[in-house]
Each structure stands twice: as structure tokens, then as C-alpha cells.
Amino acid sequence: MNGMSRIVKKVTQLLVSIIFMYGVYIVTHGHLTPGGGFAGGAIIVGAFALIILAYGSDALKLHKEEAGSSASESLSILMVLILAVIGFFVGGMVFFNNYLPTGVVGELISAGTVPLYNIFIGMEVAAALLTIFIALVIFKEESK
Amino acid sequence: MSELVPLFVVIPLASAFLIPVIGRFVPWFQKSLTLLVLLFLTILSLSYLFTNTGETLAYKVGGWENVEHVPIAIFLVLDGLSGFIVLIINMLGFLSAFYAVSYINKYTAENNFYALLCLMIAGMNGVALTGDLFNLYVFLEIAVIASYALVAFGIERNQLEASFKYQVLGGIASILILFGVGMIYWLTKTLNFADASTILAQHAGSPTVTFIQVMLVVGFGLKAAMIPFHAWLPDAHSSAPSPISAMLSGVLIKAIGIYALIRLFFNVFTISSEIAIVITTIGALSMVIGGLLALRQWDVKRLFAFSSISQVGYVAMAIGIGMIVIARGGSQTVASLAIAGGLFHLINHAVFKGLLFLNAGAIEYRINTRNLKEMGNLAQFMPWTASTSFGASMSVAGIPPFAGFFSKLLIIIAAIKGGFFFLAALAVLVSVLTISMYMKYQRYAFFNKAHSEDRMKIKDVPFPMAFSMVIMGVLCLIMSLLIFPGVREIILDPAVDVLMKSSAYATTIIGM
Amino acid sequence: MIVYSLCFVLFMVGLYGVVTRRNMIKIVIGLAIMEISIFMFLVLIGYIQGAEAPIITGHETAVQFVDPLPQAMVLTAIVIGLATNAMLLAIAIRIYKNYGTFDIRKVNELKG
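Protein chains in written order, with my numbering: chain A, 1 to 144; chain B, 1001 to 1512; chain C, 2001 to 2112.
Here are the simulated lysine-lysine pairs, DSS-like style, with alpha carbons at most 30 Å apart: (1) K1031/B with K1106/B; (2) K1060/B with K1501/B; (3) K1106/B with K2097/C; (4) K2026/C with K2106/C; (5) K1060/B with K1189/B; (6) K1373/B with K2106/C; (7) K1449/B with K1106/B; (8) K1031/B with K1459/B; (9) K2106/C with K1106/B.
Derived from the structure by calculation, the hints contain no laboratory data.
Model, not experiment: these values are computed from the prediction.
Using the sequences plus the hints, can you model the full thing?
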């Protein structure tokens, strides 16, 4: 797959960082506003998908990318599980126990472990969606 | 002990995600981890069943306590029935994984295979343990998505086609189940089994509840491949790699189909005789039509797959008879006999059908065909395969002293005692059909004249495959003990009790 | 009530697509439409006329919140639907590579 026209590439360069930052914002404010890990992760992967579509899969070495994204997917879901298991040991033999101080409602650093879960779920969703997207792109490459 | 309940879900889930990370650097990691995990879980479920004193272990996810006797946490509940199902899942999972150690050499991507297997087992354990309607849906989807991928694992034409068909029908089933769950939430404003059952008891017999029940029967019937929803099963189960066929046929259709159905209809809904008659009819239809369709198959795995439809029909019919007797206020002993027969046949079917699929895999591994007409005289070259397959065939056909005989006997006695003479006659008739189809399998595969001379060179399967098959063959025989007093109280009776005292579930959970 | 029946209409549209279309991609789209109709039904279950979004900001004015539980359910179900759709599309592409067609009538080597 070749890249798109020069205009698209330039606009992509300008937009990608904003989309990425917006995704990060949605993930980190998951416990305060609507959104959270899944929605933010989906927005983050939108940035990557835009790059792949604009520049074409030839310019990027996608086979390597896929291995990396699937590994980081597994790692982030493991982190969620590790957080849950820490909760198991810290407080009362209960998985997903919220063992950090909850802070004040409305502040960014509050709600205990919830933002951490959001961040790792955001990474997980972004990596998983990127893996799916790259896998489908590679399929198309192979079938040519 | 109740802190250990989530381990059934957490450990296989964690290993499913550890395998792709570590497995690519450490050879043998994926196999040894999967085997260790499944062995541990089997021992854990056995230790629960042996130390069980009739209490229900409930685990509240997140540690949320009940508020004024309203359960607000997501519950994971381990009682007699869940323990029974979890034991089947993990035991068969362990044996299939052990078998796969040498079988899977045919394929590349071993990491993916074991990761998907762990994921499927995590999903099924979750279905068996959960006490929450939506959680049931989530775990069910985890299990079936892993099974979609595993059916298509060989990525050849047939596997892909079977997987696509399976996914479309499975997707429709999932949508209907989600719709049913949503309707229950709309009616009761709760998702907890126990809480929902107390509220649904006030609505018993209303048209809305009947509508929900029909949705759920169709949804779970599609997952369990009951006739007339069976179209996907023969393709999917015959196309998958053999250890996976054993898991799908032996466990998956029971854990996410039959188990979910009986848990919902006994412990959540109030038993109504209309739905009981529907389940019995569907079960009897599956039993007869599945048996008739299996007769004309020449592909070994397709024969077994159709026979699965027929045998699961036995289970559903027995449970249905029990429900009818309870709904009509009949004798408790007859109902518990029917349910015991159904559950006993369920565990028997898991073992012997799993074994038969492993045998088919062993034959395919050595002579690379599934067509009965191309086999012959294998008994001389594959003694382990032939002898274990003989045991399994006798068990499924219902020849004493194999376990299948006792479970069919229980079902037939219960049907006669309950006054369902026609169903009893059908069960006997299908038993004869089953004998004939397995005689055909035995004759063409193991005792006929050899199809071609170059088969003379083959030898029996490697140790891991033979080991799994022998263990399951021995189980086929010694599981007859489950019905005798002394052993019966450990495994079968607690499971039957959960279903017989159907309202005790709700009171236990709400009382916590 | 009209909204509920529109959900039902959407469900039927999806079912019609799954049953009548022969292109695999269109079957997948039909399934996705069916799924979405159920999601809309679930969201509607929790909706209360005139109630606010269930977010604690510190200065809420309304007395009623809409039910957040169906929304959480729908989010989870969307994730699951995404996984199933990705799986289906991947299989469809693989079938296209093997058979050279998306036509479901030509992919019929197995006989039910």
C-alpha cells in the first residue's frame, strides 16, 4: 500500500500529535469525566491508524510493529492483573481492592487505583486495536 | 477457602497473557505452564469436592459487602454444581493439553495455541462460577471467541469455512443472550442471580418472563447445538485440531450451553412446566435426529460430532424431565433421579467423547485421514488407540460395566417412573442406534481388512498422546463408581442438591 | 415507546442483512447492526426522562441521575462486539485469500 498525497501527509503530521494528546487526556481523566481506558485507547490508536493510512504500509516496517504491539498488549493486561493481585495481598484478600488513598473528588490524582487501571487498560486497548489493524493490513499485503 | 475461588479465573487468564510474552524466549514454557496450571486447578476443584460439607463458597469481587440484604458486588459462587462443572473443565483441559504436547507439532505457532486454550478455560471457569448475569455473558464471550480462533487454527479452507459459520450463528446466539440479560435487568433492576430470582418469583408466569425464557432457550440452545440449532456443530467440531475438538465437544457446549441453561432455569427463574416441556422436547429431538444423522457419516470426526448432539440431547431430556416433575409437584425422588442421570451422563459424555476425539486425532496423526473407508486393521498397529477407543465406544453405547450404561439406565428409569414411557422408549431406541454407529466405527477403523498395504509401517502414537488416552479410558470404566453410595455423596449428590433445592441458592447469597 | 420499536426495526434490518446477503462482509455488517440495536435497547433501559448524566462533579443540580449500570454494560458489550467483528473480518479475509471470493454460496465445501 503506497502513501496518500502530499496534502494528506502534511495534515496528518499536524493532526496526529493533537489526536494522541486528546486520547491521553481521555485516559488520564477517566475517573473524572466520561471516557476512560477503552475510549481513550481507541482515540490513541486512531492516531496510529492515521499515520499508517497516510504514509502507506511500505514506508513502515509493519511486521516488526505487529510483534511489538502484541507483546505490549500482553504486558499491559498483565500489569492490570498484577495491580489486582497487589490489591489481593494489601487489603483483605480481595482482588481489585482499592488500596491507595482516594483523595478529593474532582482532583486529577484521586480515586486510588482507578486511574492506574485506566492507564493500563488504555495501553491495552490501544495495543490490541493496533495489532488488529496491522494484522488486517498485513493480510491485505500478503494477498496481493 | 472462599478467597481461592477467583483463582479458577485469574490463573488461566494470567497464563494466557504470560505465554505470548515469555513463551517466545523460553522454549517449553507454554507447555509446562499450561499443564501445571490445569493440573493445579484440577486438584483445587477435587479438593473442594472432597472437603465440601454442603456449604456454598461465595466471593465478592472488589470486596463490596451486601447492603441491607441486597447483593451489590459481582459474585463468584462455588457450590456443588459449579464445582462439578469446574472439575470437568479442568480435568479435560489438562488431559487435552497433555495430549496436545506431541499432537501440536503438526502446526506452527504453539504459543498462540496454548494461550488460546488457557483463555478458553478461563472463560469457561468464569461461566461456571459467576453469580452475575452480565458477567455470565462476558465470560461466555471470552470462551467462545477463543474457540472461534481455535476452530480456525489450521487456517485451511474447511477450518475457515467452519469457523465463519460458527461465528455467525454464535454471534446471533450471543445477541439473543445479551437481549435476554437486558430484559431481565429491565424487569428486575438487578443483575445478581440471587437478587433477580427473588424478584422474578413475583412475576412468575407473566408473558414478559416467558418471552425472556424463550430468548434464553434459543440463545443457549444455539450455543449447546440443540436441534434445530445444530447446523454449525458438525463442521466446527470436526474441523478443529483434535485436542480442541475434544474440549469443544466434551466441555464447551456443556459449560456454556447446558450448564448456563440449567443454572438460569433452576436457580434464577421459577420453574414453569411450559419451558420444561420445551426443553424436554428439544432434548428428545436432538437425541433422535442427532443419532439418525450420525448413522450415515463416514468421516470419523463428523460421526462423533453428530453423536455429541445426540448425547447432549440425553442430558437435556433428563434435566427437562426433572423440571417437569418438579413443576407439576411430582415426587422429589423421581426428579432428583432424572437430574442425577442427566448430570452423570454429562460428565460421562465429557470423558468418553473427549476420548473418542483424541482417538480420531491419533488415527489422523498416524495415517492422515478421517475417512472410515480408508482405515482398517488399525488394532494390530495401534494397540493403545484401539483399546481405549473400544472402551469409549462401549461406554457411549451403554454396555455394562462402563459408565455410560449407568447414566443411561438412570435416565430411562427416571423417565419410566415419571410416566414418560414414550421418552423412555425413544432413549432405548437411540441407545440401539448409538451401538450400531459405534460398531461401524470399530469395525471399519480397527478390525476390517487393511485399506492399503503401506499402512503396515505405522506404529502407535507417542507417549503423551497415549498417556492421555489411557487415563481417559480408565476413567470411562471407573466412573461407574460415581453412582454407588459412598462415592456418589462426594461428586454427584451436591450438584443434584443445588438444583433440587432451587431456592436455597438465593437465600444463601442474600444472607451473606 | 417509539424508540423501543425503532430498536426492534434496527434488529430486523440486521437480521434481514444476515439472512439474505451473500457477501460475507455484508453478513458481518448485518451482525454488527443487530448488536448495535441491542446496545441501544440497553441504553434506553437505563434512561430516565429529564435526569442528568451520572457524574459526580461536586455541584449537581438535578435530583435524578440516569442509570449508569446499563451504560457500563454497553461499553463492555461494545468491546466484546469489537473482538467478534475483528475475528469475523479476519476469517473473511482469510477465506477470500483461499477461495478468491466473498460469495458465501461458493464457500460450501462442508455440508452442515
